[in-house]
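Number of protein chains: 2
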Amino acid sequence: MDRPVGTGENMTQTMASTKSLESLIEERYSCRGFLPDGIDRTEIEKMIELAERAPSWKNAQSYKIVALTGEKKEALCRDLIERARSGAEPAAEIPYETGYPSSIRRRMMDLAVAFFAQLGIDRKDKEAREKQTLRNFNGFGAPVMLFAFIPAGLREWTILDLGVFFGHLTLVVRSHGYESILQAALAAWPDIVRKHTGVGAEYTLVVGMSIGKADPSEPANHFKSQRAPASEILQIL
Amino acid sequence: MDRPVGTGENMTQTMASTKSLESLIEERYSCRGFLPDGIDRTEIEKMIELAERAPSWKNAQSYKIVALTGEKKEALCRDLIERARSGAEPAAEIPYETGYPSSIRRRMMDLAVAFFAQLGIDRKDKEAREKQTLRNFNGFGAPVMLFAFIPAGLREWTILDLGVFFGHLTLVVRSHGYESILQAALAAWPDIVRKHTGVGAEYTLVVGMSIGKADPSEPANHFKSQRAPASEILQIL
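Keeping their order, the protein sequence lines are chains A and B.
Heads up: the first sequence begins at 622 in our numbering, then just goes up one per residue.
Heads up: the second sequence begins at 622 in our numbering, then just goes up one per residue.
Certain hints may be false.
The list treats identical chains as one, so a pair stands whether inside a single copy or across any two.
No more than 35 Å apart at the CA atoms, straight line, and that leaves these computed lysine-lysine pairs for DSBU-like [to be verified]:
id	residue 1	residue 2
1	K640	K816
2	K667	K834
3	K640	K834
4	K834	K845
I should point out that these hints are in silico values taken from the structure, not numbers from a laboratory.
All values derive from a computational prediction rather than experimental measurement.
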């Protein structure tokens with residue numbers, strides 16, 4: 622894949638990666654519409670290698686990432702979509718959480734209201750909402766889908782490490798000129814993911830991520846979610 | 622706190638933050654020796670606010686961060702050190718994990734061997750190793766110590782979100798010219814943390830982080846941990 626090469630001290634640096642961290646973070650969004658353009662294998666490896674520099678518990682790096690592209694990704698997505706359409710309940714190995722306190726439920730609700738308004742979808746239009754939700758299972762058309770697993774005997778601390786890794790990866794992806802979305806939905810039916818990835822019971826499926834070039838014509842990609850004021854998150858003693 | 626102001630489109634950008642993401646990630650390390658220089662309240666808030674742009678489950682941002690500085694931090698650390706010296710077993714609310722597969726245990730062992738070699742500590746010198754471990758409970762002298770909590774009813778997905786947040790924060794901290802270390806050790810005795818932060822049972826303590834200016838004279842700060850080759854982590858189908 623030919624791309625412009627940066628100048629200055631780091632000759633392997635791409636044009637995109639000269640963006641400041643602040644811009645990368647502030648302009649990031651969860652992408653919900655991708656162009657079909659693929660990503661070079663070497664570039665996927667390079668992005669994962671960089672994100673792997675994230676700190677982890679005693680440097681354990683206890684994650685396994687399986688990337689699917691092309692027809693393999695499409696076949697997996699067809700099965701996920703079929704399952705979702707059947708009305709099956711999610712059966713994630715890390716059970717989806719429910720007990721959110723009301724202050725946090727409000728943030729989730731605010732997001733949903735603002736998001737569907739951006740898409741011109743009436744919150745009461747169940748069919749339109751379901752159609753939008755279904756797009757999760759095709760990774761919103763992304764050319765690359767990642768599945769993240771952890772060793773079966775491990776749990777929270779390893780999931781924390783995995784989060785730190787993904788916190789790096791979302792930014793690395795952007796600095797390479799791509800966008801991403803971290804998707805709990807991709808972990809809804811592990812049997813399908815196991816069938817298509819060949820990963821056995823020695824690993825637990827945690828979460829998935831879709832990556833690719835953003836489709837600028839997708840209305841959802843012009844949605845910018847708000848954040849709680851720091852005063853709701855941070856207390857300095 | 623007066624700092625040089627960047628030029629160009631983003632006038633609030635600091636000098637440090639013009640570093641490329643790649644450099645920020647590649648040069649990052651877990652800092653184990655800090656200078657006493659404090660960090661301005663406003664700057665702590667700004668760093669947390671930026672890290673908060675990290676994606677989270679339906680934008681829940683279900684984390685509570687308590688920062689301690691000055692005498693409040695010192696008082697907490699004195700209690701942690703006393704407890705650690707007493708030989709008490711850790712009683713973290715997120716239990717420390719054990720069932721690591723042998724391939725991962727090898728990575729952890731490789732780190733420990735390389736780390737103690739860098740410090741000139743004989744692996745068989747239990748006293749010297751314990752003395753080094755004890756430094757965790759003073760945050761290696763950092764002026765700022767963060768404690769991260771999640772609502773009591775939540776668990777893995779929220780911990781994943783917290784990890785993504787910390788994956789951002791470690792880089793934000795670096796782009797501000799500071800270093801950090803994410804410390805499971807700071808979650809070892811929640812009763813002490815609760816006593817000094819006033820956070821009640823409606824939250825679970827997950828992990829801590831120390832932040833400050835790196836002490837360049839600290840040998841541990843010249844230790845660079847290795848990473849598993851991408852082929853051990855990533856499989857592309």
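The hints, checked one at a time:
| no. | hint | verdict |
| --- | --- | --- |
| 1 | K640 x K816 | neither (40 Å within a copy, 43 Å between copies) |
| 2 | K667 x K834 | both (17 Å within a copy, 30 Å between copies) |
| 3 | K640 x K834 | both (17 Å within a copy, 24 Å between copies) |
| 4 | K834 x K845 | both (17 Å within a copy, 33 Å between copies) |
Hint compliance for this structure: hint 1 is the single one not met.
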